[in-house]
Amino acid sequence: MSVFYFVAFLSIFFALMTIFTKNAVHSVLYLVITFFTFTIHYILLNAQFLAVVNFIVYMGAIMVLFLFVLMLLNLNKDTEPLKSNLIKIIGVIAGLCLVVTIAGSLKLLETSNPVVLKDPGIGLVSNLGKVLFSEFLLPFEISSILLLTAMVGAVLLAKNETKKI
Amino acid sequence: MSAIITLSLLAVLLLYLGLFKAKKALLPVSLLGLLAAIVLYSIQWDTDAEPLYSGMVLFDHFAVAFSILSLFITGLVFLLSRDYFDSISEHVAEYYALIIFSLTGALLVVSFHNLAMLFIGIEIMSVALYILVGIRKRDFSSNEAALKYFLMGAFSTGFLLFGITLIYGATGSFDLTEIKNYLIANPHSISPLFYSGILLLIIGLSFKVGAAPFHFWTPDVYEGAPILITTFMSTVVKTAAFAGFLRLFLTCFVPLQDFWAPVLLVITVLTLFIGNISALAQQSFKRMLAYSSISHAGYMLFGILSIGAASAGAIFVYSAAYSIASVVAFAVLILVKRSRGSEHFEAFNGLAAKNPYLAFTLSVAMLSLAGIPLTAGFVGKFMMFSGVLANYHIVLLLLAVLNAAMGIYYYFRVIVAMYFRPADREEVTVNANYKAVLFIGALLTIAIGIFPSLLAGWL
Amino acid sequence: MTDLIWIVPLLPFIGFLINGIGRNILGKPLIGIIGSGVVFVSFLLSCCLFSHVYDARQAGGDGAFTVPIFEWISAGKLSVGLSFMLDPLSSIMLLIVTGIGFLIHVYSIGYMSHDPGFGKFFSYLNLFIFFMLLLVLGSNYIVMFIGWEGVGLCSYLLIGFWYKNEAYAGAAKKAFVMNRIGDLGFLIAVFLIFTTFGSFEFSSIFPQAAGRVSGDGTLLLITLLLFVAATGKSAQIPLFTWLPDAMAGPTPVSALIHAATMVTAGIYMIARSNILFTLAPVTLQIVAGIGIATALLAAAIALTQNDIKKVLAYSTVSQLGYMFLGLGVGAFTGAFFHVLTHAFFKALLFLGAGSVIHAMSDEQDMRSMGGLKKKLPITYITMLIGTIAISGIPPLSGFFSKDEILAHAFVQNKVLWVLGFIGALFTAFYMFRMLFLTFFGEFRGSKEQAHHLHESPGSMTFPLIVLAILAAFGGLLNIPAALGGGEWLAHYLEPVFAASTAKTGEFHLEHGTEYALMAASGIAAIIMAIWAYGTYVSKKTVPVADGAERSLLSRLSYHKFYIDEIYDALIVRPLNKLSVFLYKVIDRAGIDGLVNGLGRTAEESGKGIRLLQSGNVGFYIFMMVVGVIALLVYGLIKI
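Residue numbers (this note's numbering), protein chains in the order written: chain A, 7 to 171; chain B, 17 to 475; chain C, 272 to 910.
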């Protein structure tokens, strides 16, 4: 239990750091750490597969890509555009309100014991695979359309337009 | 299901056609594919629908009717696309493929029977749109629209997903039947998670249908996107999102109506007033249509608000009427913009004198959007309003009628411009495809207006 | 016979389609023949239908037939059919609409012969007849509403027919907006009726309503809303200012739509729903009050107008006021009788004015006319008949209908009668003033106009003659019992108003009193005519020029009591400001100004930085978050 609270604190802390850091590269690095704490959460929840995927794909691949892009664009200087204090204050107030209300909503909920899982094997790779290839076969297959769409889109956006408009 | 597979294959085929530079074949092949899908759906009509694939999708009358509507409207949009994409970009095949992908997502949204499918459908629909909105790479407003849509879409998807998770947490299932059974089995001990889940789902779906206060993306994105994509978004995507919204609430959440109806009521009223009042002051026809689409979302929310056996039919007729009229309006806008280079009301001045056919069809579309009798729009509004009446929301009805009156004012501005404002202008050239779309649109609008049973009998 | 009723509205619609599609292909003569031909056939059919109803009435039945055409909308317990109702009331309206409609179509062939929009004009006119027939024939409020909207649309199109004139387009817009306010009332009333009675059909609503107590709150609301609708369509205070402006349209339009048919739709609708109004006495009092106020105000304005069509327009508003007075005091037959006679003589007067304008090369100012009697003999004689009829001088038609309304008003409330009587004096004076200024004295126009003066062609004088005969003898339809007449119309219409009569009791007035009232109004009208003769013929007074000094009352009347200006200051300008404010502050400045203080449009600040910054998105998401919070707080409270 105390492990959970500690990791949760770290998640929130690094997430905040991601937002507050002015240097873009530092910000991405904080994000990487945040994702790492998520991985720990997944392990705590006995979801090994998710943990591994999160570790490899999010932390590894995507964030490294982010870093490359930032470096290529040479954005590691402090280029945060000027924003008035009014906006900042409004943003903070709105965000806090959201946190408070969500926290309030959740406080109302009956909290089942979070550490005891009903089915300890649920997050294991084999179980996940069984569910994905039996009950959730259709959504699993259909996701391929989503991926294909994203691929086509990415290529389209990256391609050079030779024609003048 | 075969229709969805057909469409996915069609999109891949189109990509290959693009690879082999068979540009001429793109449009006919796409239309044939859509036609095939419509036929496949029509065959399914009579079968007793059972949820398929472990309860993932359900092709009941509701799903089939909305699917055919979406396919039909997409067909109209495709007809308009001749010469349109060519002038924007050379990667035409990709655009057709993306629209088909988006349509596939829409078809999943109207036929889902499991929240996982709802989510995937909405994502497929939206991801393709994020790209389509930004087609014009060198146009800042198009880029800006794409970015805004993406950022805000991602934001709202978070709420949708959170909502689905909470519902799962309460019921232990994504399946609509199981969720319903949970509500029936525990009428007095519903988990608070469930209530929060409903609220978050309302937020996520309100964003997708463009209801206030989650509508802010609509005017900017509609204005920035290429007109044809705006047409697709404001018709097919909106219809599908509403169908999904209704399907979820109709199947699962009716027992909790007392809880969510007040929320939706406020959203509806806000949407109506924000849409209409903002539309009043617009100078750009396109932006006016964007705001008016917000107000139409408000009218369609009536269908969900007064949920019952009749609401599916009402939303179906309303969205059909609205989609057809919108396609006509946008088609004329494309032509006018092409010849005058402007989207403002002034660009329509004196259109009736040079292009009486164009002006007439646009007038029919505007009358239908305004809900004047003997057009499809009136039937749609009438069915919506009577649904509201059946639940005795008199005050709501008064507000709606007041808004309808406001709507008439701004829709008539373009009619006034076309017929009553003299201007020196040249005749707009209209190619055969546009003529066909305008003709079909105007004809259907009037036909549904006079014989509503053509459509209302479906559901 | 009644099964064929659908052909009556269908024919004008076919005419509309043919003329609308072929307006550039078909020649003018052919368009004219098709346009008037379809209406004429409709008229013949209407005559057959009328005789059918008449026979049924003679045989002792109530003469009401409902003919369902097809089921229109059917959803759940809601079902609306397109069905027609033929009864004594609608049978007479049918004759008015198609009969006078036909005459005016014929007249238009001559009047519009030089207009390039000839085909368009006839297609609009045919469309108008179609919608008017729907309005009249509908057996439920929905069909009536469709007709109601449709005639408004046609009126709008026809007022703005010569749209190249900016002021005319403005007039069309004004008519449209004011009518919309009325329509709003209608629509809400119809939905209220549905919630109250569970049906839109007249045949189901009225018997249910008859079972309610007088003074019922719902009925009060429904009737008030219906009356709002009527004030819009029939140009009553406060929504009357569109009608005089509507004279911007071609004169046949003024005659057909803005005098004989469409503007009486409000009276028709109230007469049709008479039982609802009878059970809402408060509404009836308001109807009577508004009616008499409109009648007086419009008559007072008409006294000083110099535009021949404006005089007739205000006179129409004033006469409509009398009809509402009639409805308000329970003289449903009288009000409807006045609709009938007014249709005859006002159509006649407008067409006559059109003939004068045609002869004067589009001059409408009476100060430039005079002495046209010799040049336009047929126009003069027919207009004289019309003037006598409208002034209420016996034995022409206007006398009988107006007298019946005033007699009822006398029984109900003496003050109403006195005011009505004063209005009648005004009417006689301004009508004869118009007649004398136009046809008597010396010609005051330019040489060119004098040279061009001619009597109108046969297609224009023929309708004038027919209408003059009708205006002269129309009164015979309902000669009061006091004069030994059979009150034919009242008996014919009896079943329509039977339920109301049962509630209010028979109208009763001593014959002696009735004679006195008739004599008073007849003689007073003649005196006013003589006074006008003295002023405008013997003394040869010509109204002063626009800029000249006027007395206070005359100035008020001349400037139409500044009502347009008052509306402008009170309603139009504040609304405009609000709309501009919303546009500037909410749509433009608010969103952007708050966020980054930059102009919104991409053209102004279309720089790359904007994309990174994308200030609006922050604001939008902020607003969304506010929405989310509101919803969640609701959830917190509710769970």
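No wet-lab data here; the hints were simulated from the structure. Where hints are given, some of them may not hold.
Straight line, CA to CA, 27 angstroms or less: simulated DSSO-like cross-link-like pairs of lysine-lysine [stated by the list, open to error]:
| no. | chain 1 | residue 1 | chain 2 | residue 2 |
| --- | --- | --- | --- | --- |
| 1 | A | Lys165 | B | Lys39 |
| 2 | A | Lys165 | B | Lys37 |
| 3 | A | Lys136 | B | Lys196 |
| 4 | B | Lys40 | A | Lys165 |
| 5 | C | Lys909 | B | Lys370 |
| 6 | C | Lys831 | C | Lys811 |
Violating hint indices (sorted, rising): 5
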